[in-house]
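Peer 1: On the provided structure of chain A, position chain B with the ligands as indicated by the hints.
Residue numbers (full-length UniProt numbering), protein chains in the order written: chain A, 1 to 428; chain B, 1 to 370.
Mixed in with the good hints there might be a few duds.
[Said to hold, decoys possible] Computed Cβ-Cβ distance ranges for the label pairs, DEER-style: (1) B/Asp18 to A/Arg100: 16 to 22 Å; (2) B/His311 to A/Ala274: 53 to 59 Å; (3) A/Arg100 to B/Arg23: 27 to 33 Å; (4) A/Leu112 to B/Arg23: 45 to 51 Å; (5) B/Asp18 to A/Ser136: 56 to 62 Å; (6) B/Ser59 to A/Arg128: 44 to 50 Å; (7) A/Ile12 to B/His311: 55 to 61 Å.
[Stated by the list, open to error] To give a feel for the contact side, a few chain A residues facing chain B, derived at Cβ under 7 Å: (8) Gly174; (9) Leu175; (10) Glu177; (11) Ala178; (12) Leu180; (13) Asp181; (14) Leu182; (15) Gly183; (16) Ala184; (17) Gln188; (18) Pro196.
Rather than coming from a laboratory, the hints here were simulated on the basis of the structure. Every residue, glycine too, gets a C-beta built ideally from N, C-alpha and C.
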Amino acid sequence: MRTNSLLPRLLIGAYLVVFFGYLLGPLIVMSITAFNSPSFPKMTPWECLTFEWFDVLARDERILTGIENSLIVGVGTVILSVIMGLSGALMLTQIWPKLRATYYTIVIAPILIPGVVLGISTLVFWDRISIMLGMSTGGILHNGIFLTILGQSTFIASYCMLVFIARLQRFDTGLTEAALDLGATPVQAFRKILLPFMKPAIGSAAVLAFLASFENYNTTTFTFGKFPTLTIELAQKVRYGINPSISALAFIIIVLTIIGALIHEIYRRRQQLALANGAPVAAVSGGFQLPKIFRGNPAAIILVLLALGGASTIWFSQSYSPGVCKMDVREQKRLIQEERIKEIRAKRQLELQQKQLKSPDSSGDIKSDAPVTQSPGKGAFGNVFDPGNLDKAAPKSETEKPAESPGKGAFGDVFAPKNLDKATPKDD
Amino acid sequence: MTKGVDVDLENVWIRFGDFVAVREANVNIKGGEFFSFLGPSGCGKTTILRSVSGFLEPSDGKVRIGGKDMAGIGPNKRPTALIFQNLALFPLMKVWENITFSMEVKGASKAERRKRADELLDMIALPDQGDKLPSELSGGQKQRVAIARALCAEPDVLLLDEPLSALDLKLRQHMRTELREIQQRVGITFIYITHDQGEALTMSDNVAVMRAGIIDQIGTGHSVYNDPATPFVASFVGENNVFRGKIKSIDGDMALVSTNRTGELLARIATSAQGKMNVGDSAMMFIRPEACNIAEDISPAANRFTARVKHEEFEGQIYNVFLEGAEGKEIKMSLVNVGKQRQSAEDNNLTLEYMPDQAVVLPAGELASE
Ligand SMILES: Nc1ncnc2c1ncn2[C@@H]1O[C@H](COP(=O)(O)OP(=O)(O)O)[C@@H](O)[C@H]1O
Ligand SMILES: [Mg+2]
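With the rest of the complex left out, here is chain B:
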């Protein structure tokens, strides 16, 4: 079995005329890793992937695969296989011909190809579907054929461009698990692109979060979620409540922030900002909905705040409570449904509390747009 190889982007810039699509990307992806690029649509994810697969030369910087500089090497000579956003299955070829296209162009015999196709069809749980046309398959089946076609080329690196975006929710969740399994079985490097943070977090060893051509943070799903490097990451990855204010005092890695509306609140300074923040700096504090709870003791404290409940939602496993926040924004709190009928608190004031080390302070900056 081919073992995955490293992929490194060194100071990569990609420009289209005056427009900078990718700015100074530095990424080291280890062999056999499941690595995701996560970012909103149009932030340059596909562009990065195309520079790895060879359809695009970086305007500046280097792309290395397995330590080898890829400059001037065309897509058909690189050890990569790309699964396109729209799959790009060949509509006039049968499924088995699609899967073994990479062997056909190398001159493999028909018998050989047929045999390999059957193996791969078994692997993707589509036995006996080889003689169909792609148009005769369902979305999920097409998806798997595209994966089999890419794997048939025995690449060292598999590149996936939002491969699940066309599928419905159930199938998407199922395919996540399946993709992860395939990756672990074949052991090659996967570079996965998505705008869905759920996908990125569930599957990846490491995630790069991108904003408008800039990579804001690279890290494990945990660190990206719990210890965001920028307000953009904090607000883009998962849901977050943002509180704007100024730093009142700093004590080690904890800071007291005087917020505009909810008083003085205590939070942990994010790792990337530690040692870089001073008293008086404008800051943003983030508290996740699930980190909030209803306080039993309502006396004022640095980890409590009070707001009026605007409305509530019952979502099955959780209740969402929306409270009035600053600047017309809502503060969201999620409570786990423990089976008891909850008394609605609509139009009443409610005091919430949180664990200060679950709240994060960052220098004020750009947020992800809703």
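With the rest of the complex left out, here is chain A:
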């Protein structure tokens, strides 16, 4: 049995590695490039640990207003979608049973319709409305934030509704009846009984709606007008080439997500713990206390680690200056180039000598050239594959940079986002 189970286990292990590699690999690579100094996001060759891309990010006006717009749209969408989703779900429980399937299909449909279609139809629909009402093109109905919130909510509200329906199915309508029976008005019964019951679902739906709104591109791209959201900005940026400040943004988002998930998990465990402790059996038996300590600790440890990690990162980023390292890298590159120049010179000499060799003198010259030909990894024609060759394309910028802006090379960078802005001012 045991010998048999080894192979499947290995296979499962391999599968897991591939699976998680596929899932998480891109994210990890992206995160690492945020800390590497080359101005194009890359993980290898590793040059210098740097935090400058976070600086670049923090100074990128377009990204910042994009985030701001995304947040405004996100909050608006959360409010609108949660309200619409909740009323839609409640409606489902109220209407005539025979109509329920039809109603369900209709309100779920927006999830199935492509976001692009929703975006276009939102734009066209509200434009018509605006014209019918005789409003100017600068009016609210043409406002990018307004249209984006409406457009996104059309399908995000359906997502929210699914969350609410799932929760409502577990609701005992007897509770509402009990409240009415005890003298509550329907409004009181809703507010004091159903709403508290729906609270966890409202929380989940709000998070879901916010994330869906934050990451939405294809609907927003038609509706954003003068208010590009983060995804729109990123897409436009990528069109003109990117730098690792986008990796830095990705890293921040990933970290925030992980922290959020951890907090949620801790909270959930606490609740479970409270439930387990609330059970009458647990109150008496001492055996239940051990798991409490045991289970409580990982959460605390994670929190402490997070705090420590956060603090040390901030301290490190403030005290650490990648300048020295960068100088080193440049120095190295310069050395490599010098070496290459030497080689070329040596090669020329060799050629010269070979020509001269036809005349029978100067055997000592060959000896003096030996170290050059022996240099490891560099056959006479091997230079083509030398990574250093890549730099040949831009040898000038490499050597000029330190002169232009010592210490903070990023702002002199040709790829700096600011330069992009200058290049495309008419873009939006």
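Peer 2: Using the frame of chain A, we list chain B with the ligands on its own:
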């Protein structure tokens, strides 16, 4: 203390589409009475109760509470409080908040509510449990909280929908007594629903026995048990042995029935059937297990019959003896255990006798299914 008020159902019909859940119910419940609806599951008990509490309007007829027609008055405006079959305690509220919910919706202050909750918690013998959540209570405790919550609303009529069905036997028997005590203390009208005839008989002043939407009989526990109005009531309330046959002769309120298997037997005609039965009618005769005894004299008589014993059971305070009856059915006889070791009579013929006025004759009809 609020005094209970009358509840009257006048010719109430309740239909769900084509399905008739309640048919022509006429019930008069007096103020301060403990009244039970007894019937098998699905016979329409809950439906009747919901029409009294206001969650359902009768399709026809009138519901009056305290003489006032309740048509168009919602559940939150009626002087009733309902204890739900599943209790329906609010899971997210503490016990004391549950109990005083009816005060909260009327805007009572927290201090006021807390005080009232403590009083009621004392009354239901759960002091200092107010800050727990319902999920932290045992079944019996939840039961009492539900009662306290309903009483806190100071209703004139308390409606209880099988409130004890979720409890185990011991607790159920204990709660019966407790409920009856509470009812007598607060003096309001209790309308109690159950499918358990033991509950109905022990607690109620009056019982309505229901069968598939129809109320067969209304009366005291005694009359329902001893003087059933229909074969259904006779067979549903308590255990009964049924003998089918035809009326041979009638003498006053006594009738001689020629049964299919056990010869001619004498029995009293049930009150509801007196004057309505004729010689030759097909009839059903009922003899309770505890009304049978082993005959000392085995000569044939109109109150004796002989059958073969199939098996016996010892139940503690009684012996049950099962004899071969008609149509493969068994005749059950219960003998009180008087402490002597009983000689088993299995596989022998046994002659039983009974007091003719303890046997009841009714026109043949539908029996309760087992
Ligand atoms: N809302 C409803 N719609 C259709 N049929 C119902 C509804 N409520 C109850 N019924 C039917 O009415 C009958 C009586 O139900 P109920 O009063 O709940 O029985 P019980 O005596 O067990 O409390 C049952 O057959 C049930 O299926
Ligand atoms: Mg019921």
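Peer 1: Hint by hint, say whether it matches the structure.
Peer 2: Evaluated hints:
no. : hint                             : in the structure
1   : B/Asp18 to A/Arg100: 16 to 22 Å  : holds, 21 Å
2   : B/His311 to A/Ala274: 53 to 59 Å : holds, 55 Å
3   : A/Arg100 to B/Arg23: 27 to 33 Å  : holds, 30 Å
4   : A/Leu112 to B/Arg23: 45 to 51 Å  : holds, 48 Å
5   : B/Asp18 to A/Ser136: 56 to 62 Å  : holds, 60 Å
6   : B/Ser59 to A/Arg128: 44 to 50 Å  : holds, 48 Å
7   : A/Ile12 to B/His311: 55 to 61 Å  : holds, 60 Å
8   : Gly174                           : holds, 4 Å
9   : Leu175                           : holds, 5 Å
10  : Glu177                           : holds, 6 Å
11  : Ala178                           : holds, 4 Å
12  : Leu180                           : holds, 5 Å
13  : Asp181                           : holds, 5 Å
14  : Leu182                           : holds, 4 Å
15  : Gly183                           : holds, 5 Å
16  : Ala184                           : holds, 4 Å
17  : Gln188                           : holds, 5 Å
18  : Pro196                           : holds, 5 Å
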